[in-house]
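J.: The listed protein sequences correspond, in order, to chains Y and P. Going by this note's numbering, the first residue of the first sequence is number 7, and it counts up by one from there. Going by this note's numbering, the first residue of the second sequence is number 12, and it counts up by one from there.
In short, the hints are calculated from the structure, not lab data. You may find that some hints are simply not true.
Unchecked claim - Distance condition first, Cα-Cα at most 20 Å in a straight line; then the derived SDA-like pairs of lysine to any residue: (1) Y/K106 x Y/S452; (2) Y/K161 x P/R77; (3) Y/K161 x P/L25.
Please read these numbers as outputs of a predicted model, since none were measured by experiment.
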Amino acid sequence: MSATFNPADVWLLLPELTVAGCATAVLILDFCLGERVRTALGWFSVLGLLAAGVLAAGQVGQRTAGFSGMLLVDPFAVYFKVIFLVATLLIILMAMPYLKVEQVGVGEFYAITLYATAAMMLMGGAGNLLSLYVALETMSVSIYVLCGYLKRDQKSNEAALKYLLMGAFSSGVILYGMVMLYGLTGTLDLREVGTALKGLPLTNPALVLGMVMLTAGFGFKIAMVPFHMYIPDVYEGAPTPVTAYIAVASEAAGFAAMLRVFLLAMPVLQVNWTMLFWVLAALTMTVGNVVAVAQTNIKRMLAYSGIAHVGYTLIGLVAGTETGISAMLLYVLAYYFMTAGAFAVVVYLCSGQVKGDRIEDFSGLAQAHPAAAFAMLIFLLSLTGIPPTVGFVGKFYLFSAAIEKGFVWLAVIAVVNSVISLFYYMRVVMVMYMRESPSRLPVNRSVALTVALALAVLGTLVIGVYPEPFLEAARASIRGVLG
Amino acid sequence: MPGGPSPWRQVGILAGLGLTLGAATAIGVGLGVLADRWLGSGPWGLVLGLLLGVTGGFTQVLRDIRRATRD
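Taking the hints into account, I'd like the entire structure generated from these sequences.
T.: Pasting the structure below:
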C-alpha cells in the first residue's frame, strides 16, 4: 500500500485546522494583549468554534478518505464533529464566569480546550488505528493539563495526577489491544483489519486478548464499570467546567473511537462482544445508579449519574443493529445537553466562598433564582427520562432497540435503574423547591452563562419534542459505518 | 503537588505502578488460561481472567495513587 501525500487532502481538515488556528491565535493574543481582553478572548473562541461548525456542516453528505485512508470524512465523522463543537461551545461559555471567579488566567484554558476539541474531531474521523491513537493521546494530555488548571488548589492537582496516571495506563492497554490486531492482520487500517480478521477462528487467543484489551482500555476512557473507579475523584477535584468537558466531550469522543474500532475492525467478533457488553452495560447502569444515591456532593453525584448513563448508552451497542447504534448516537447528543446544563447551574452557584459543590448549596434556589431552578429542573427531569425531554426520547429509542433484538431483560434492568435514579435526581429538586435558603444566595451572573443555560434548556426540550431530524442524522451517520 | 514530608516516598510508590499493573494482568491471564484448560470453557476463561486481572491491577494502581497523594 503506497502512502503518497496528496496535498488536496488538507482541505478535508479545514474544520480541525480552524479550531487549532483559533487556539493558537488565542494564545498569542492573550500573551500580547494581556488582561484587557479576558472576556473578548472567550467570545473569540466561541466565534472560532462557530466558524469550524459551519465548515463541518459543509462536509455533510461527503464520503471520502484522505491521507491514504487515515482520515475519513463521512456522515459519522461529521455528526461527531458537530457534537464536539457544540459541546465545547457550552463549556467555554460556562468557563468564562468560572475563570473570573477563580481568578486564573484564561488564554491557556481556551487554547488547550480548543486543541483538545481539534483532537476529538480527528478521533471522530480516524480511519487508521494509529491516527486514532495519536488523536486520543492529544485529547487526553490536554485534558490532564486542564484538570490541574487551578494550580493553587490541592484537589485540582490531585485530580490531574490521578487522571494522568489512570489515563496513561489505559492508553497503554488500548495500545496493547491495537498491537494484537496489528500482529494478527499486518495492517493498521480499520476496514482492512476487519476484512483480514474474517478468516481467523474466533478462539484464537491473540484475537480474544486484543478484543478484551480494547474493551478494557476504551472502558476506562468512557467510565464503564469496573473501570470507573477514578472518575468520581477526578470529577470532584477538577474545575467545574473541566469536569463538564470530561463528562460530555471526552466521553463522546471515547464512544466515537470505540464505535469506529468495534464496528469497522471487529464486526466478525460481534457475537462475542455483544455478550461482553451485555454484562458490562447492566453492571455499569446498576453500580452508577446505586452509588449515586449516597452522594452529597453534586459533582460526585453527577459523576456516578454519568457512569449510569454510559450504561444506558451501551445498550445500543449490545443491540448492534442500525436502530440500536443510531439510538446510541442520539443518546450521546441528549446526554451532553442535560449534563452540560446541570454543570452550568453548578457554575452559576460558584461565587468565591460558596463553591456550589454540595447539594445543600442548592437549598431554596427556587425562591431566590426561579429561572435557574427551573433550568435545573428541566435537566434533572431529562436525566431521569421523563417526557417531553430529550432524556426520555433517547432512552425510549435505546430500550426499543434492545427489545427488538430480544434483549428484554436488559431493558427491564434499565427501566428499574431509571426508577432508582428518580430518587437522587428528585432529591435535588426537593432541596431547590422545598427548602428555605439559609441566607442571601450569592450567584455568578454573566451573559455567557445565561447563553449556555438557554442553549442547554433549548437543546433538551427541542430535541425531546421533535427528535426526528436528529435521529435521521444519526441513522445516516451509522449507515456509512455499518454498510 | 501536595507538599509531603518526602517527595521521594511518593516517587517510590508511583514508580512501582507499571509493574503492579503488568503483574496483575499477567496473573489474571495465567489463571484464566489454566481455568480454560481445566474446564475446557473455550475463550471465556481467558476473557474473564483478563478482565479480572486488568480490573484488579487498575484498582490497586488507584489505591497506590491515593496513598501516594495523601501523604
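J.: Work down the list of hints and note, for each, if the structure agrees.
T.: Do the hints match the structure? See the list:
1. Under the criterion of a C-alpha separation no larger than 20 Å, the hint pairing Y/K106 with Y/S452 is consistent with the structure, at around 10 Å.
2. Using a Cα cut-off of 20 Å, the hinted pair Y/K161 and P/R77 holds, with the two alpha carbons roughly 12 Å apart.
3. Our distance criterion of 20 Å between C-alpha atoms is met by Y/K161 and P/L25, whose separation comes to about 18 Å.
The earlier numbered hints are all upheld by this structure, with none contradicted.
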